Amino acid sequence: MRNKTIRVFLLIALLTTVSLYIALPKKISLNFKLFNQQVEQEIEIPPLDVTILGRRIQKDFELKKGLDIQGGIEVVLRADMGEIADEDRETAIESAREVILRRVDLFGINEPTVTTSKTTNEYRLLVDLPGVSDPNQALQLVGTTAQLDFRLQNPELATAEATSSAIAFFNQFEMTELTGKQLKRALVQFDPQTNEPVIALEFDEEGREIFAAITQENVGEVLAIFLDSYPLAMPRINTPILDGRAVMTGGFDLEGAKQTAIQLNAGALPIPIEIIEQRQLGASLGQEAVEKSVRAGLIGIGLVMVFMIMLYGWKGLIADLALIIYGVLTVAIYKVLGVTLTLPGIAGMLLTIGMAVDANILIFERMKEELRLGKAWKRAMELGFGRAWDSIKDANVATIMTALVLINPLDFNFLNTSGMVRGFGLTLLIGVLISLFTGVVVTRTFMRLFLRDTSYKKNMRSKSK
Amino acid sequence: MNFMKWRWLYFLISLLVIVPGFISLIIFGLKPAIDFTGGSLLEINFIEITENQELSVASLEESLDEVYELSSIQQSGENRVVLKGKHITNDLKNQALTILTDEYGEIIEERFEAVGPSLGKELLAKTLTGVIIAASLIMIYVWIQFSELKYGVSAILAMFHDSLILLGIFSLLGYFYGIEVDMLFVTALLTTLSFSVHDTIVVYDRIRELRGKYPRYSLVSLVNTAVTETLSRSINNSVTIIIMLAALAALGGDTIRWFAVALLIGAITGTYSSTFTAAPLLLLWEDVADKLRHRRKNKK
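Just so you know, the protein sequences line up as chains A and B, in that order.
Be aware that the first sequence starts at 1, since it is given in our numbering, and climbs by one per residue.
Be aware that the second sequence starts at 1, since it is given in our numbering, and climbs by one per residue.
One chain only, chain A, in its complex shape (with noise of 0.2 Å):
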């Protein structure tokens, strides 16, 4: 028994000091006095840089911050599907999807996603631009709909210079006639001989005639895929083709394949986009709820740990240093899964440290009422424990529940699928997982180790009397 809650302890122990690792921030800055001494000191953390079994593991953690902590710019777009026939819908959401990540990516906005949904008669589009500053810059790259043209490439322009300079080499392409518009659809298949991924294209009538011509008259020329003014895709023409379906080979793998026949497919089927929602929020504001978020935060917390050593004493004592044990496997939990902690995240993480301590207040008033009918401290502290596991483990089902439902992991579309909400609800399910570990785990070991009976020496003493 003892050895085994010497080893559930060592355990405890070494699980802290890897999530207090994890946890702790890169830079702690220090700056106290101390014995009248001016105590100015930065310690630096280093990240994770090890190799085990041959294998380099570095990873260094960091908390993922929400737009609405951040700053930054959330935007939803409805994407009018009124012209697209129905089997192709699903293609030309997720090319429209492809179309604005690429243009943020361009353009340098870090960790931008892009999302879609569909909800019952609508696709959207969610788009989140993280620390971005300028909205209208923004809405420009993704509320405009995908241009595909096609353009020739003047033999005579195509000199050295068109390969050093960038104006120069735009200027070696002249538009034809040929867009987006004459394109039904690419596709990607493989070539029967090479089995190499190859990219088919499919005009429609209009396209057939045109890109005839233009394959008759310019053999041997380039004919550059351009979308949004950037070249996509430069194939030379072998051939002539009249029936409207072309192949382009060569130097694709898989992947660049699927990803280039999306992007033509933008063009293709290009589906003209409404901004439906913006919100967007300057960097200072965020920074400064945190810094009140975080203050209120450390208060409550510092109330509810002298609350519980008045209302128990040693044991709130005890409860108090699982608080903090939760504390930091929360946070070391956090940057491990890559939580992106939102401002009613942080709200759901203070709430969950008032209800982590739920557990122990039950264990606790559990052990009094043995203690009163009588039993051995040491019994009742274990009595406690095990009776009061039903109760704990049946309510925390309930605030489960709630939190899935909040949460909403299944996508569906009847439910609410907003980032606050969620962001919410996860830091309430991760927080109440955990304090079931440090409530009543972590607790019980502190206990069974650390405390005795001092009420049996007293009661001695005033017998005795």
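In case anyone wonders, no lab produced these hints; they're calculated from the structure.
All of these numbers come straight from a predicted model, not from anything done at the bench.
Honestly, I wouldn't trust all of these hints.
Stated by the list, open to error - Footprint (simulated), chain B over chain A, 3 or more residues, beta carbon under 8 Å:
#: 1; region: 134-143
#: 2; region: 246-254
#: 3; region: 270-283
#: 4; region: 288-300
#: 5; region: 304-316
#: 6; region: 377-384
#: 7; region: 394-401
Just so it is clear, CB atoms sit at the ideal spot from N, CA and C, and this is done for glycine as well.
Please build the complex by placing chain B on the supplied structure of chain A, with the hints as guidance.
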């Protein structure tokens, strides 16, 4: 202690709290934020404003008259103002910013939100679905756990009791102080459901345990004993949650202040209702069931 002797008093207290809010809900309703109605919000920091320039509702309305139909203007800090109005596009917002720059010098656009009207309705539907799903899951769980329908139904009724109080108080807050109900409020409402049932389950759990130990006891004395034994735990636990939420509400900043207040109300009424609504409801259920049985017997 014979807590249940005064069970009518507890129902009366609940009614006294619920009724004003409920009336307010019917007459005034809730004050929905743009999350629900669609519309726009623009927060501006006037950094170059001079002392003799006045930032008033009238002056702002007059300057923006042509481009931006405003519904409210609030001060959010020194020289910082939150404008709310009809849904506007980014272009119109830019025009509004230009006008303000001309008039007041350099400004910083701190925050801009524009929600289309269709999204608002959708959020409302999603909210209701979320509440119904969460409530049904919890009811089924409680029903299965305690193997009697009356536990599930009473737990749900206590949950609605808490939701009504929260909605009612926010209806009053909206009417008198202009506090809006937004997406975060919905989250708080759902969390209140789980607070409520969390404590209720602890009480029911104790009733179940006692029922196993003393099968001959009447339900009233079982409930009484269970409430007596769990009350101090209930209060102590709530105090810790209330400490955290009160700190957040008081010091946490504007963005989550009312979220924290909503959670705080939920935590308090959740604690009250577990002991003083969910438990007596079990007895009420039993009384009604007894009377029905009697009537059937008499008819025979």
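Results of checking the hints against the structure:
A stretch counts as covered by a chain when three or more of its residues have a beta carbon under 8 Å from one of that chain; for the region 134-143 of chain A and chain B the count is 3, and the coverage holds. With a cut-off of 8 Å between beta carbons, the region 246-254 of chain A has 0 residues touching chain B; three or more are needed, and the interface restraint is violated. Closer than 8 Å: that is the beta-carbon criterion, and the region 270-283 of chain A has 8 residues meeting it against chain B, so the requirement of 3 holds. Note: the region 288-300 of chain A has 9 residues with beta-carbon separation from chain B under 8 Å; the three-residue rule is met and the coverage holds.
Requiring three or more residues with a Cβ within less than 8 Å of a Cβ of chain B, the coverage given for the region 304-316 of chain A holds, as 4 such residues are present. As drawn, the region 377-384 of chain A meets chain B at 0 residues by the rule of a beta-carbon pair under 8 Å; below three, the given contact is violated. Note: the region 394-401 of chain A has 7 residues with beta-carbon separation from chain B under 8 Å; the three-residue rule is met and the coverage holds.
The structure fails hints 2 and 6 (numbered hints given earlier, in ascending order).
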